[in-house]
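Asker: Letter by letter, the chains look like this.
Protein chains: 2
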Amino acid sequence: MGTVTQESAKPPRAPAVTRRAVLDAATRLIEQQGVAGLSMRKLAAELGVAVTSIYWHVGNREALLDELVQEMVHGLDTLPASGTTPTARVLSLALELRRVLRAHPHLIGLVNERGLTPAMFLPSQRALVAEISAAGLRGTRAAETVRALQYHVIGFILVERHTDRSPEQHPSAEELWLAEPSADGDLAEALATPVDADRLFARSTEALVRSLLADQ
Amino acid sequence: MGTVTQESAKPPRAPAVTRRAVLDAATRLIEQQGVAGLSMRKLAAELGVAVTSIYWHVGNREALLDELVQEMVHGLDTLPASGTTPTARVLSLALELRRVLRAHPHLIGLVNERGLTPAMFLPSQRALVAEISAAGLRGTRAAETVRALQYHVIGFILVERHTDRSPEQHPSAEELWLAEPSADGDLAEALATPVDADRLFARSTEALVRSLLADQ
DNA sequence: TCCCGGGTGTAACAGTGTTACAGAAGGCTG
DNA sequence: CAGCCTTCTGTAACACTGTTACACCCGGGA
Chain V
0 MGTVTQESAK PPRAPAVTRR AVLDAATRLI EQQGVAGLSM RKLAAELGVA
50 VTSIYWHVGN REALLDELVQ EMVHGLDTLP ASGTTPTARV LSLALELRRV
100 LRAHPHLIGL VNERGLTPAM FLPSQRALVA EISAAGLRGT RAAETVRALQ
150 YHVIGFILVE RHTDRSPEQH PSAEELWLAE PSADGDLAEA LATPVDADRL
200 FARSTEALVR SLLADQ
Chain B
0 MGTVTQESAK PPRAPAVTRR AVLDAATRLI EQQGVAGLSM RKLAAELGVA
50 VTSIYWHVGN REALLDELVQ EMVHGLDTLP ASGTTPTARV LSLALELRRV
100 LRAHPHLIGL VNERGLTPAM FLPSQRALVA EISAAGLRGT RAAETVRALQ
150 YHVIGFILVE RHTDRSPEQH PSAEELWLAE PSADGDLAEA LATPVDADRL
200 FARSTEALVR SLLADQ
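Chain order of the listed sequences is V and B. What the first sequence shows, in numbering that gives the first Met the number 0, is residues 0 to 215, in sequence order. What the second sequence shows, in numbering that gives the first Met the number 0, is residues 0 to 215, in sequence order.
Hints were generated in silico from the structure; no laboratory data involved. Any given hint could be a false lead.
For chains that are exact copies, the list does not tell them apart, and a pair is met inside one copy or across any two.
[Unchecked claim] Pairs of lysine to any residue residues, derived as SDA-like cross-links and limited to a Cα-Cα distance of at most 25 Å, are as follows:
# : residue 1 : residue 2
1 : Lys41     : Arg60
2 : Lys41     : Tyr54
3 : Lys41     : Ala213
4 : Lys41     : Glu61
Model the full structure from these sequences, guided by the hints.
Answerer: Rendered as C-alpha cells:
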C-alpha cells in the first residue's frame with residue numbers, strides 16, 4: 000500500500016532505474032524545458048528505459064508532479080526573519096520568500112493547480128503572523144495585513160515568472176515609451192529602461208509594509 | 000498577403016464557416032474549459048466542419064490565440080479615472096483595471112506568453128503616469144511608482160486567477176488555522192475565514208498608493 | 001522444480017497539432 | 001461554351017502526447 004523503497008535491503012535484481020532517479024531526471028527536464036517539456040517518453044529515454052518502467056515507479060505523470068510539488072513544499076518549511084524593527088523583519092521575510100520561490104519558478108504554478116497553496120504558505124504565513132503581532136496589530140486588521148502581504152509577494156513573483164518566460168516583448172516597453180510624447184522626459188526615459196525586479200520588489204514591498212504597519 | 004475579410008463583396012460560395020465564427024467559437028470553448036480545453040478538432044466539431052477549414056481560416060492554433068489576445072488588448076484601450084484627490088484617482092484606476100482584467104481571466108496568461116504585456120498595459124500605464132504626474136512625482140521616482148502599482152495590480156489578479164481555478168484546497172486555510180494554537184484568537188479566526196478579494200484588493204492597493212504618493 | 005512477485009519491454013489505444021493532397025463550386029477570361 | 005483560377009472543404013496521414021494490457025525475465029522461497 001505504501002511507497003516502495005528500493006534502497007531497502009532486498010533488491011533482487013538491481014533495478015535499472017529508481018524512483019529517486021526518475022524524480023531527479025524529471026526535475027532536470029522541467030528546469031530545462033518547463034513543465035510542458037516534461038514527457039514520459041522523454042523521461043524514459045533520458046534514463047535509458049522503457050516508458051512502462053517510469054509508470055511502475057511513479058504511477059502517473061500527475062503523481063510524479065505531485066511528488067515534486069510535495070518535496071518543494073517541504074523545502075520551505077522555515078523561513079528566517081532578520082532585522083530589529085517590525086518593518087525590517089517583515090520586509091526580510093518577504094525578500095526571503097521571494098528568493099526561495101524564485102529558485103523553483105516552474106513549480107509555483109503546479110502548487111496552485113494541486114490546491115496546495117495554503118499548505119505551502121502556511122509556514123511563511125505563520126512567520127508573518129508572528130512579526131505582525133509583534134508590531135502590535137491584532138485581530139481582523141492583522142489578518143488583512145498578513146494576506147495583503149502574501150498576495151503582494153506571490154503576485155509579484157507570478158508577474159516575474161510570466162515576464163521571464165516571454166523572451167521577446169514584441170512592441171517592447173522601451174520602444175513604446177521612447178515613441179511617446181511626454182511632458183516629463185525623465186519619466187519616459189525611466190519607463191523605457193528595463194525593470195530592475197530586485198529593486199522594484201524591495202521598494203514596493205517596503206512601501207506596502209510601512210503603510211500597513213502604520214496606524215491610519 | 001494581408002488578412003482576408005470574408006465579409007467583403009465577393010463570397011463565391013457562402014462559406015460554411017467564417018473567420019469570425021471560428022474566433023467566437025474558440026472564445027466560447029476557452030471560457031468553458033480553459034485554454035487547455037481548446038483543441039482544433041473540438042473547434043471543428045463545434046462548427047460542424049473539418050479541421051482543415053479551421054486551419055484555412057485562422058492558420059494556426061497559435062495564430063488563433065494571438066488573434067483573441069489582440070482583440071482583448073484592443074478592448075482595454077481607455078480606462079477612466081474618477082475621484083478628486085490623486086490617491087483616489089489612482090485607486091479608481093487600479094480598481095477599474097482589475098475589473099476589466101477579471102472579465103477575461105483565461106486570456107491574461109496568454110497575453111504574457113505572447114510578450115504583449117507592455118502593449119496591453121500601455122493605456123493603463125499612460126493613465127497611471129498622468130495621475131502620478133498630477134500628484135507631483137517626477138522622473139525615476141514616478142516611474143518606479145507606476146511600475147510598483149502595475150506589478151501589484153497584475154500580481155493580485157494572477158493570484159486570484161490561480162486560486163479561482165483550484166477548486167478544492169485540500170488542507171484548506173480554514174482547517175489549518177483552526178487547528179493552529181495561537182495567542183491572538185481573533186487573528187486565527189480571521190485567517191480561517193475565506194478571503195474577500197474585493198475588500199483585500201481595495202485595502203492593500205490603497206495602502207500601497209498612499210505610501211507611494213507620500214514623501215518619504 | 002515450481003511459483004511468486006518485482007521490474008522491464010512491446011505494442012497498442014485515444015487524443016493532440018499539423019499538413020500534403022484531392023476535390024468541389026463559383027467567377028473570370030478565352 | 002470550355003477552361004482556368006481562387007476560395008474553401010474534406011480525407012488521410014505524420015509525429016507526438018499520456019496511458020495501459022500483456023508478455024516476459026529473473027532472483028528468492030517453498
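Asker: For each hint given before, does the structure comply? Return the numbers of the non-compliant ones in rising order.
Answerer: 3
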